Structure formats: C-alpha cells, structure tokens
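Engineer: Here the protein sequences line up with chains R and X, keeping their order.
First residue of the first sequence: 12, per our numbering; consecutive thereafter.
First residue of the second sequence: 3, per our numbering; consecutive thereafter.
In short, the hints are calculated from the structure, not lab data.
Just so we're clear, the structure is a prediction, and the values are computed from it rather than from any experiment.
Every residue gets a Cβ at the ideal spot worked out from N, C-alpha and C, and that includes glycine.
Some clues are possibly wrong.
[Unchecked claim] To give a feel for the contact side, a few chain X residues facing chain R, derived at Cβ under 7 Å:
(1) G88
(2) Y173
(3) E257
(4) H319
(5) F346
(6) R350
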Amino acid sequence: MKERIFDSWRGKSLEEALGACRDLVEDTTFPTVKKWRQGGGKVAGHFQVYFPEEIVHAAGMLPFKVRGAAVEPTNADSHFGSYLCSILKTSLQIALTKTVELDLFVSHPICDAARNLAAIWGRNFAYPCQILYLPQNPNSSRSAAYLRGEYDRLLRTVSEIAGRKVSADDLRRSIAVFNENRALLRGLYDIKRQAPWLVTADEAYCLVSVGGLIPREEHNELLDSVLPRLRERGAKPEDRTRVVFEGAFCEQPPLDLVRMLGRTCYVVDDDFLIGLRYLTSDVPAGADPLADLAHAYISRSTYSPVQHDNDKPKELMLLERVKRARADAVIVAAAKMCEPGLEEQVAYTAALDEKGIPFFVTEFEENMTSFEQLETQVETFLENLLFA
Amino acid sequence: MDTQIAHPEIVGRGNRDGAQLFREWFEGLSKTAEDGGQAAYVFVMGSLNEILNTFDLPVVFPEINSLQTAVRRVAHEFLDQAEDLGYSPDICGYVKADVALQHRGGAHPMGRVPKPALAVLTNACNTYIKWAEIWERMYKCPVFTMDIPGTRQGGVVTKPGELDFENDRGYVEAQIRELILLCEKTTGRKFDIDRLRETMRHANEMSACWKRVIELNRSRPSLFNALTDGTIYLGVANGFRGTPAGARYFRELVEEMEYKAAHKIGTLTDEKYRLVFIGVPCYPIFRRFNELFTQWGGTFVNSSYLWFASGGLNLGHQYDLARPIESLAEGVLISVRDAMDSMFHQDRMIEDILEDFHVDGVIYHPIKSCRTVSTGLADARRHLGRRSAVDSLFIESDLMDKRVVSEAQMKNRIDAFFEGLTARRGRAKAAPAA
Chain R
12 MKERIFDSWR GKSLEEALGA CRDLVEDTTF PTVKKWRQGG GKVAGHFQVY
62 FPEEIVHAAG MLPFKVRGAA VEPTNADSHF GSYLCSILKT SLQIALTKTV
112 ELDLFVSHPI CDAARNLAAI WGRNFAYPCQ ILYLPQNPNS SRSAAYLRGE
162 YDRLLRTVSE IAGRKVSADD LRRSIAVFNE NRALLRGLYD IKRQAPWLVT
212 ADEAYCLVSV GGLIPREEHN ELLDSVLPRL RERGAKPEDR TRVVFEGAFC
262 EQPPLDLVRM LGRTCYVVDD DFLIGLRYLT SDVPAGADPL ADLAHAYISR
312 STYSPVQHDN DKPKELMLLE RVKRARADAV IVAAAKMCEP GLEEQVAYTA
362 ALDEKGIPFF VTEFEENMTS FEQLETQVET FLENLLFA
Chain X
3 MDTQIAHPEI VGRGNRDGAQ LFREWFEGLS KTAEDGGQAA YVFVMGSLNE
53 ILNTFDLPVV FPEINSLQTA VRRVAHEFLD QAEDLGYSPD ICGYVKADVA
103 LQHRGGAHPM GRVPKPALAV LTNACNTYIK WAEIWERMYK CPVFTMDIPG
153 TRQGGVVTKP GELDFENDRG YVEAQIRELI LLCEKTTGRK FDIDRLRETM
203 RHANEMSACW KRVIELNRSR PSLFNALTDG TIYLGVANGF RGTPAGARYF
253 RELVEEMEYK AAHKIGTLTD EKYRLVFIGV PCYPIFRRFN ELFTQWGGTF
303 VNSSYLWFAS GGLNLGHQYD LARPIESLAE GVLISVRDAM DSMFHQDRMI
353 EDILEDFHVD GVIYHPIKSC RTVSTGLADA RRHLGRRSAV DSLFIESDLM
403 DKRVVSEAQM KNRIDAFFEG LTARRGRAKA APAA
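For reference, chain X alone in the conformation it holds in the complex (with noise of 0.2 Å):
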C-alpha cells in the first residue's frame, strides 16, 4: 500500500492553519489587551459577530478561553479559584474558570484578553445570561440579551410567513435593530450597512462550506474526526464568523476534504466502527479520551457538537444581501433555533443521519458542566433505543473539571461497548444469510 500522501500541502491543511489562526487570534486579543482597546465578550451559540465585525469589535469567546485551560491542564487552578471566591462545585465549570480569568486581569495560557465593552448572549444557553451578569456587575458593562426563541414542541418548527415564526423574527428582528443602536454607543462609530452585507456574504460562505464540510464525512474511511478535528474547525467558525480569513479556511478546508474523499484519505484511525458523538467532549483528558476510541477503531464521523457549537452554522443559511437586517434576523433565528435543537430534539436528528454516515454507534456523554447539553440525553437515549437497533454508549465526566473524570471507569465501560459491538458483529458475519 502506498502510504505517501500525493499533495501534502492540502491533507492536514485544516488543522494547522486552524491552530495558526487560533495563534494569531489570541496574539490580537493580547495586543488589543495591552492597548486598553475594546472587545465584545459573546458566546459560541449566536454570536452576532456579524454585527459586531461591522463595528470592528474584536469578540472574545469566554467559552473557549475555559477550554484552553482544561486543554492545557491548568483548569484545577481556575476552580480552585473561583471557588474560593463563593461560586458552588455544582456550577458551570466554564463560568467559573472565567471568573478566575478575571480575576488575573484577563491572563489565560494562551495569552490575555481584553474587558469587556458590552457582552453579546442569547439565550440558547440559560447560564450564558447568568455569566454576562458576573460581568455586568465587575465591569458595569451593557449586557445585550439576543432573546431568540426556540422550538417549542418536538417535531413542530415553524417556517418563514407563519404568524408564530413571524412574531419571532419580528422580536430577532427589533433587537438586532437595538444591538446596532448599543454598538454604535458603545464605540462611537457608525453603522456601516455595506459593512454588515460584506460580513454576511463571508457568512455565507461560511456556512455553505461547514456544511458541506459535515457532509463530506459520511465518506468511507470517514475524512476528519468529528471530536478533535472538528472542535479545531468549530473554534475558526467561530472566533473568525464573518470575516474573509474565515471564509479562505472553510474554502479551503472543503477543497482538503473533496481531496481526501476522492483519494479515500482518512484519519489517522484504520476505521472498524462509525461513531457518532452527543454532547461536549471531556477536555480534561482531551487526547485520551479520544483514545479511548480510537483504540478500537472507534472514529468520530458526526456529532452535535458540531451543530450546536458553530451556532447553526451547520444548516447552511445563506442570508439574502439584498434585506441585511431582515435576512440577519431570519438567519439568526433559524440558525440559533436549530442549534438549541441540537440539544434538546437531537434524537430526531440522529435518526435521520444514521443511514447516511453509516453509524455503527452512538456515544452519549453528559457533563457535569452543562445541564443544557446533558439535561435529556439519557431519556433520549432510552428514544432512540426504541426506535432504532443501534448501539449506544451513556458515560458522564465533565469538560473542566479533573474531579469529576474517572478515566479507569469510562474505559472499563468503553471498553465494554466495543467488545459488545464486536461480539454482535461477528455473529451477524457468522449467522447465515436469510
């Protein structure tokens, strides 16, 4: 078998230039730090950086400065902190890591990050409003809440020109509308509406391509890892939403994965079984946890995450330039809507793509952190078990906090899970043909 790769300047191009754009993210966000500049502090899941890339703002995600922390093993540290400061062992791990952030004056192991000048949430995660209002009363800040209403009953979603999606837009709508009239005071400049077509046309592209990204992964040997691949690509769609640099990776990143398909390059895994992966990863003991898999065989071809961590993206919307601020609050919308779908009906989605990414197995993995990811899955678990024959995995940790992650007793359960999965293949290879 021949084992040299053809055009290695594209295989492995979206982890190393994702890591090089991350680098210089950071660097800038120390840069404007030291400065005393301003920066917008948002959140993964509707960061309206479409907007606040119009205005210049440089967004600081607190989501992924935490993560950075249990990626490099320094979390403990920030716990320990906050908990110091009065903030409960029950709470959000990331929350509090931030808090601790804070309190060093923005340092983090990749650098530093700048105060706030406003915080831009929605509500598709309840303790993100929790969160802003720490900030609120540290900085006395604006907090802007981008209220976007979700999916109100399983199965039921509505579409552009119904009275109840018009009446949510018309809300997205009007706050996008007071968002505008918040930056403007907040920097003193004015909105610029050919700004916000040019962040929204990148948008779109954006999201074409994260789409056609995700699906290029039901390829077989499966292109990218869905868990630690993707979280890379997940912090570029998010850290650079709106701008051309982010636009040229995801083009990029699609022209890798069409290579990879066409040539059958795969991960670095010899792929025995497709898996799929609910919720948010142990980052605490990332790469091992990884392992845990990929020693047999196990390779990540989907996950929610990827849905509801780039905030929608994964649908594809392309706003219509010709309307920005209606097409933006339709957007944002439809996208944030779809990504709180993500969590809470991803069992409806996980039917659906089980065929097409021939999924041997689904892994669910709540989190002590993140009641929204984690709230439902076991009884979605028991649905999908109802509905479907495939093999499914429940195991709890945390994405923060070491405490809480019991290495020994999730690898004798995944352990367990594949040699069931084995077993079950092997007599169906055995079992003679009807």
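With the rest of the complex left out, here is chain R (with noise of 0.2 Å):
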C-alpha cells in the first residue's frame, strides 16, 4: 500500500475525527488527490453516479469522485450555455484550474447534460476522457454480458493509463476491500436510521463523501475507527420528526444545508453521494470477478432517477426506503436545472400523497450560501407535522 493521504483524523478524538473529515470535504483544493500524484499515483476521475470503482483500484489508481465544489466556475462558464446544473461547470473547473489533474476522466450517459462531458472534456484534455455506457435496459437477458463486456473494455483502457496489466486476482482483492466499504457504509446508515442523535446529517454526510477523496483501504480505517465511538457516543435522543432526504443522486446540496437539517430533523436516510452505495449487498469475487461486479450492478443496486428499470419503480422504492427507516416525512429535494430530478418530483409526490406521506418539496444549487429562507420553510413544514 502506498504512503497514506488522509492522516489528520488519527490519534484524535471522534469530534476532532469528524472535524477531519468535514475540513476535507470542505477543501476545495482536494489535497488528497494533489498528495496521491505527489506520490507518483495516477487518478481516474469518474463522474456522478454509479461507478465501479474496484476497476480502477485494483490497477493502482486512485478512483476520484468527480462531485462538483463549492467554487466558482470563472473558467468553466464559457464552455457551457445557459439553462445547466451547477456541477457540471464547478467540475470542469477544477480540472481546467488544474485543481485536480487525471490521467483518465468517465462520464456515464445519466442525464442529458452530464453525457455531454466526456466530450466537452475530450475537447480541452490530452487524456482519455470517455463515456461508460452502463445499461439503460437492465431487464434485457442480455444486459450483465453486456456490461461484463464493457467494463472489459474500461479494464483494458485503464491498464493501459496504469502501465500494468491487472489479473483476476488483483480484481478480487480490490472487491474485497470494496465489500469491506460497503458494509462500513451500511454499517453508518444503521445508526442513522436506528439511533440518528448519535450522528447527525452532516457528520454522516462527510463520513460518506471522503471515501470518493482517499483509497478505499483508509476509508475502511477511518470507518472502522469511527463508527463503534459513534454508537457509543452519550448523546440523548430529542424529539424530531425522522425524515427522508431524496434528490442528492448527483449535484450534492451544500454541507451547510445539510447541517441546517441536521438541526432540524433527524435525516435517517437519504441519497448524498448514493453511488458510492449503490451496490447493496457484497459483491461474490468468484471466477470472473469482471462478470461478478456486471451482474451486482444489475441485479444488487439501489435506485436513482437516472435509471430505468422495471424491476425497480422508483417511487416504491422511495417508499420502501421511507418505511424501511421509519421515517415521518420526506424532503423531495432536486438540484437546479436538474432534468431527471424534477421530473421524478412529480412521481415521489405524487406515490407519497396517495400514502399519506407529508413531503416538502424543493430546489437547492451547490454554490448556494443563504439558507434563512429555506430553513424556515423546513421549520415550519417540521412545526406544522408535530402540531397536525
């Protein structure tokens, strides 16, 4: 294993962990990821949502969630028209700011907009800047050969950004590390949704995203460490009414926003950042570990608006996930200018109004900074449900 890049939180306290990782989150330098190239690592940058990550970890390469940042897109705004989401530019500008430099850049055809980047990308970078065609039609009889056929293909250009070829078992240890991941994060969101006064929303919120910032061997430890002191943690429970955040696929709202709910409710499920947790069950590293990670993504997934698929209608889902975490009401969020989240905001509430399910439907944007407004309309969302 190389030299560590995430070391602030060792040795400390679990506030000062926390804080560690909320200083990371916050950096809109992405010193993790200038430490790995100082270190003579190679960086795959992969945008939002789903990406099978174990591809690039195990040919050495640090996986890097292309997540947007809290920054002005100053370079980026030329590139792009009018009328898009937030993320896409604050991408593309600390690549163009060299922020964050790669050696590979993966967009997925997710919505209109985003399948766009690899392009726009390839247009202004010398290295390979490509699409990963993850299926559409997931029920098709053909789909995890399709997809195992694919992430060959993604193998073999990232073996050759990495310089070494990348055998069976080095694609087992890496679904192993993964698998490790995977059940820390569930691990997380059992407190959230059994005891969430032992972590509020944003302190879970940058549990999760840093894993996108470091390999995924140090999001293990810092997990490993974290979560027995949150269980144990002296906090009492309040009296808040348990909500559901939906909408955060992709453009992720601000932490500052995150906190303001954190004040307010307790969110005991939510979406941020959901393709780091997309695969819901460990992934079997077995014969053809390329096989194995296609079907997960078919058949062991979550959901998203960004997706289609029959044996996942997406409001039932939300429904499952409500009733799953017991939850009061849910907040129907969707990023500025977002296609598919608007549109599936009409589907949520419409499946929560049939069940009698109180939601609050509305818009955020990364870069906002004032949230009065929008606090108190949640305040009073929040007052309006304890006093029905």
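Combine the two chains into a complex, taking the hints into account.
Structural biologist: Here is the structure:
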C-alpha cells in the first residue's frame, strides 16, 4: 500500500476525527488527490452517479469521485450555455484550473447534460475522456453480459494508463476491499436509521463523502475507527421528526444545508452520494470478477432517477426507503436545472400523496450560500407535522 | 432572367407532398384514436419503425406533436397546463406539451392521437426515458428501452468485427429479439420476417435517398433550406420510415433536388451566405427565426438537425436483407450512434463539411428544453474557432417556450453577425492579391 494520504483524523478524539473529515470535504483544493499524485499515483476521475471503482483500484489508481465543488466556475462558464446545473461547470472548473489533475475521466449517460461531459473534456484535455455505457435496459436478458464486456473495455483502458496488467486476483482483492467498505457504510446508515441522535446529518455525510477522495483502504480504516465510537456516543434522543432526504443522487447540496437539516430534524435516510453506496450487498468475487461486478450492478443495486428498471419502480423504492427508515416525512429535493430530478419529483410526490406521507418539495444548488428562507420553510413544514 | 419554372410539378413537390402526407398521417392517427385502436409511441432517434411496421402498429411521435403546438403558437397553453400539474419550468418543453396533450385525451392542433399500447424508446436522449416513465405510470403500458451504446471517446469509432463493436451489437440484437416478443404479446400477432425484410427494403431506399438529398445541397445556390424545408423532409423520414409511401417520397425528393441542381434552381433567398445550423430550431417563432437569416441572404445548407433528428438515416446505411435481424441490430447501432455523435461530437462532422458545402458561417442555437443537444455547444464552438477560420454565432432560445425567446435580442446578435461577415468579405475583396 502506498503512503497514506489522509492522516489528520488518526489518534484524534471522535469530534476531532469528524472535524478532520469535514475539513477535507470542504477543502476545494482537493489535497488528498494532490498528495496521491505527488506520490506518483495516477488518478481516474469518475463523474456521478455509479462507477465500478474496483476496476480502477485494481490497477493501483485512485478513483476520484467528481462531484463538483463549492467554487465559482469562472473558467468553465464559457464552455457551457445557460440552463444547466452547477455541478457540470464546477467539475470542469477544478480540472481546467488544474486543482485536480487526472489521467482518465469517465462520465456516464446519466442525463442529457452529463453525457456531454466526456466530449467536452475530450476537447480540452489530452488524457482519455470516455463514457462508460452502463446499461439503460437492465431488464434485457443480455444486459449483464453486455456490461461485463463494457467493464472489460474499461479495464483495458485503465491497464494501459496504469501501465500494468490487471489480473483476476487483483480484481478480487479490490472487490474484497470495497465489500468491506460497503458493509461499513451500511453500518453507518444503520446508525442513522436506528439511533439518528448518535450522528448528525452532516457528520454522516462527511464520513461517506471522504470515501470518494481517498483510497478505499484508508476509508475503511477511518470508518472502522469511527463507527464503534459513534455507537458509544453519549448523545440522547430528542423529539425530532424523522425525515428522508431524496434528490441528491448527483449534484450535492452544500454542507451547510445538510447541517441545517441536521439541526431541525433527524435525516434517517437519504440518497446523498448514492453512487458510493449503489451496490446494496457484497459482490461475490468468483472466477470472473468482472461478471460478478456486472451482475451486482444489475441485480443488487439501489435506485436513482437516472436509471429505468422495470424491477425497481422508483416511487415504490422511495416508499420502501421511507418504511425501512421509519420516517415521518420526506424532503423531495432536486438540484436546480436537474431534469431527471425535477421530473422524478412529480412521481415521488404523487406516490407519497397517495400513501398520506407528508413531503416538502424544494430545489437546491451546490453553490447556494443563503439558507435562512429554506430553513424557515423546513421548520414550518416540520412544525405543521408536529401540531397536525 | 427567365423566372419561369419549366417543371412546376417537380419543383416544390417535396414540400407539397410532405405536407399532404403529414395531414394524412395525423388523420390516420385521429381515426385510430376514435376507433380505440392500438398505437406505439416512439421517438425520432431510433424509432424502430422497421419492427413496428411489421406488426402494423401505427406510430405516434410525441416530439412531432409537441413541435406542432409550438409552430401553431399554442404551446404556451400546453406548457401552463403541465406546470400546473407540478412539472418544473426547467424541464423539456416537449415533455410538458405532451403531458398536457395526454390530459386532454390526446387532442392537439392537428387532430388526436391514440393512447399508447406500448412505448419504444432509445437512450439517444435521456429525457426519452423519463418521458416514457410518465406514460408507464399514466397508462400502465409496457415501456421498452432500446439501449444503444454510443461512441465512448471522441474520434474512436468501433467497427463491425471489433471486440467492442460486437459486444454492443450483440446487446442490441438481443433487445431487438425481445422487442419482437413484446410486439407479439401486445398485438396478438405472429412476427413475419418477410414483412420485416419489406420494411427494411423501404428503409434502405429512404436512407440512400436522404443521404443523397443532403449531399445535393452542396450545390450553389443551395437547393433547399435545411432549417425550414429540412424539417418537412425530416417529418416524412420519421413518420413514414420503412413504408412504401416514405420510399416513394424520398425517391421523388432526390429527383426534385437533382432537377433543381441541374437547372441551378435555389431557394427563394438570394443566397449570399451559406450557413450550417447546429441545434434545434426555434419553433415558437419558426418563420420569423428563419427570416432573421434569410433577410441578409443567409441560407442554411446543412444542419446537425438533419442528422440526429433523422435517427442517423443520413448515413445511407444499407441493411443486409439476407440476415435481417442481425443486420437491423448492426444498422440501428451504427445509425443511432451516429445520431448521438451528431450531438456530442458534431464539431468533428462540421469540420468535415465546411469546404464541401462552401460554408460561410456556423450558427449554434442551444435551447433551454434540450440539454442533450445544447450542453456541449459552447465548448464545441470554442473548439471550432481554434481549428477553423469560419465565422460562428451563438444564440440561445427554446423550441417550445416563448418565455425564453427574445426576438429583439436575437435579431441584434444576428444582425451583428452578418455585419461582421459583410465587412470581412468586403475587406477580403479589397485586399490586393498576394
């Protein structure tokens, strides 16, 4: 294993460790990615939502989740027109300014806007900029076999960039690392659902988010250290509304918004950075690990507005999320100008309405800085529930 | 100058017959709706009409219905209705117009459309997927996503026989076979492979002719306006794909264009500047939008719209009728992939046609409604500017929503663009030969 790139939490109290995570998430200079490169490592930037990071990890590269940033897109703005979400611009901004330097960029056809990114980056950078075509017809009998072939294509690209052959054993080792990570993240969400007073919404968010900025082995060490301490935390339950936050599958709300929510309610489940938690159970690492990864994506994955799957009607999946988290209400959010998110709001609210589950509809932008009005609206919504 | 047209039955026939075919098509759909018959909802980029025709399933193109509401200046009524139902002002106007249309029992300015017995869509536009989900929820009808993997990296296009192409082709072929089963189940009819061959034969002819029609517009003066006339041709290319009427129409369109080329008959515009249009037209002020260019002598000789909105028919791809299913998979993959390239990597294609089509300017028209087409255009324009000396203009509006169409602002920018073109041309003429 290479030298560790995120050390500031080690040997620290729980609060200090959580503070170190928050500092890293809020640091728009992406110091861990820089440190990785300074150590001679290569970086694969992958845009939201899901990406099979195991493939990049197996080649010894750092999978870096491109999720925008709280920066002004002063350079990137002229590369885009109007009426677009912020994450596209700020993601390109950090690349144009060399805040992060990549060796590979991969986007996915998740939405009409994001599927343009590979072409845009390809016109501006010399390194390979590609689209990974995750199947949009997962119900086809051929989808898993097709995806296995697509992963193989990605592996060939990655091997060439890494300058090394990636064996099946390499892949199996990476799958094991990520299985451990998935289990730890499930543990974190169990705490959120079962004892949300033990971890605030923004603390949990940061603990997940750093996973996209550091090697997954380091993330496992962090979660391994923090989760038991969270479980033993002395916090006491309060009389707060249990809420599911839906709508952050791609562009992320600012951390201050998440913090504000944490002050006013218990966020007992959400889709923040859902791509890092997309596979819902362990991936069996058998004779053909690429096929195992492909099958897991098709059959053992969660949902988001950017995938149509007859077996996963999204509004029913949301209702299931609400039920499993024993939530009282849902915040149905969407990033500004996010077409799939805005369209899904209509279906989500109709389903919630039918079941009599209270909901609050809103929009956000990663760069918004004023939350007073939103906070008042959320508080009013929650008070209405309390006194209903 | 002799302004008499020797063969008026030929010149202008494409527009006349196209309009007539469209009226008949809409009348047919209205009758199907009244009779309670079945129909398939499809989209222009990969309609799979070759298969659906085989089952005699009439096709409804919601994009074309929505477009009609804009051209006929009633789109705002439909948009308002959908927004009242909870749809955001920031999503595709086509989707919202269709939502309202469905809530009106299928009524639209040209008649009425039947309810969907099934919906078939490709991933060429992600909004297709979200759109079809609305019908799925509304009508509980089956929705079939024909997933067509596109180009992975600019300039890297896989070919038949290569490992990655064959992986994609196998996926598409499996889906075609699954779609056939779904059509059998939906219609209660048995699949007839000879009917498929017949529709593919007609599609072959249409494809070869469409490619030829576009090529012929290299003529000086240009033979048709890619923006206005082209939209009529596109309508037939989509609505009548794989049909005898469609094949005949395009055969005759080639004849018309060859006649016009031979006799140097251009459009009604006195052509001074030859333009390429990138994006989707501004339908809420369609005629006026075009006039903003033609009044300066600007004619649209080609457009990315002619490529992607024909679902890649412009490639002239020919199916091999001896192995219909396999060849259909290959053809759908190649042509829909090309349609996607026309949106995401169109900068490469534009460079290829600048010389052949004697292009003076490139007009980029991103629109609020369509992020598929629009997201990359500013960057593509910057790229073109680095690689070519051709002039270009970037104007934004919408294809449906007149609230974001500022005619005065567009006119200012278009006038300035032509003033620049005129000045540069004047300076070039005045400059002594090197």
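Engineer: Let's test the interface hint: is any C-beta of chain R closer than 7 Å to that of H319 of chain X?
Structural biologist: Cβ of H319 of chain X sits 21 Å from chain R, so the hint is violated.
Engineer: Given F346 of chain X was flagged as interface, is its beta-carbon under 7 Å from a beta-carbon of chain R?
Structural biologist: This hint holds: F346 of chain X lies near chain R, its Cβ roughly 4 Å from the closest one there, short of 7 Å.
Engineer: Using 7 Å as the Cβ threshold, decide whether E257 of chain X counts as touching chain R.
Structural biologist: With a closest approach of 38 Å, the E257 of chain X hint is violated.
Engineer: Quick one, is the Y173 of chain X hint okay against chain R at 7 Å, beta carbons?
Structural biologist: At about 4 Å, which falls below the 7 Å cut-off, the nearest Cβ of chain R leaves the hint on Y173 of chain X intact, so it holds.
Engineer: Please verify that hint: R350 of chain X, Cβ, nearest Cβ of chain R, below 7 Å or not.
Structural biologist: Constraint on R350 of chain X not satisfied, violated at 10 Å.
Engineer: Given G88 of chain X as an interface hint, is its Cβ closer than 7 Å to any Cβ of chain R?
Structural biologist: holds, 5 Å
Taken one by one, the earlier hints fail for this structure at numbers 3, 4, 6, listed in ascending order.
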